[in-house]
Amino acid sequence: MLFRSLAPPTTTTTDPQLSVAAEADIPSQLWQTRRSSSNPGLFSFCTLAQGTGLCLDVYGNDETRPYFAAAGNYYGQQWTIIDGHDGTWSLANNYSGPDMLGVVPDGSGKLCLGPKQEESKTQRWMFGKVRPVTEAGF
75 MLFRSLAPPT
85 TTTTDPQLSV
95 AAEADIPSQL
105 WQTRRSSSNP
115 GLFSFCTLAQ
125 GTGLCLDVYG
135 NDETRPYFAA
145 AGNYYGQQWT
155 IIDGHDGTWS
165 LANNYSGPDM
175 LGVVPDGSGK
185 LCLGPKQEES
195 KTQRWMFGKV
205 RPVTEAGF
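Just remember that my numbering sits 74 ahead of the position in the sequence shown, which is counted from 1.
Don't read these hints as lab results, they were simulated from the structure.
Keep in mind that a hint or two might mislead.
[As the list claims (entries may be wrong)] Distance windows between CB atoms, simulated:
id, residue 1, residue 2, range
1, Thr196, Asn147, 13 to 21 Å
2, Thr138, Thr208, 22 to 30 Å
3, Asp136, Gly183, 26 to 34 Å
4, Pro179, Met200, 29 to 37 Å
5, Thr208, Asn135, 37 to 45 Å
6, Asp180, Gly158, 26 to 34 Å
7, Ser102, Ile155, 14 to 22 Å
8, Pro179, Thr208, 15 to 23 Å
9, Lys184, Ile155, 27 to 35 Å
10, Asp99, Ala210, 27 to 35 Å
11, Gly146, Gly181, 30 to 38 Å
Where a beta carbon is used, it is the ideal one built from N, C-alpha and C, also for glycine.
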């Protein structure tokens with residue numbers, strides 16, 4: 075299934091930053107979660123626009139900054155989706171560790187990983203099915 079959420083960068087800059095964008099029915103906002111083949115319970119994320127060749131990752135020298143990298147069996151591309159038991163979910167990165175969660179700091183619009191804060195609404199995500207995947211190779 076495809077999900078709609080963050081908008082990945084549309085340019086090929088050397089330092090792309092993911093950001094929150096107004097909802098639109100465009101390939102860059104259609105995401106797929108893919109189960110890890112090596113670590114049960116973990117997932118990778120890719121977008122329809124960038125295909126399965128790029129996955130959401132974190133920098134090795136800055137585990138707070140997600141970006142898209144060539145897909146592989148890397149810790150930085152494996153994510154835990156944590157049920158908030160209220161219709162929301164938190165995202166923890168396998169490389170960054172369970173005490174760092176995906177967050178969009180108030181007013182910034184930019185995705186990063188920050189220290190886990192139990193009551194923070196900026197660390198909660200909602201997933202919704204958009205449609206089945208019908209694109210070849212995806």
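Of the numbered hints stated earlier in the document, which are not met by this structure? Hints 1, 2, 3, 4, 6, 8, 9 and 10 are the ones this structure does not satisfy, whereas the remaining hints hold.
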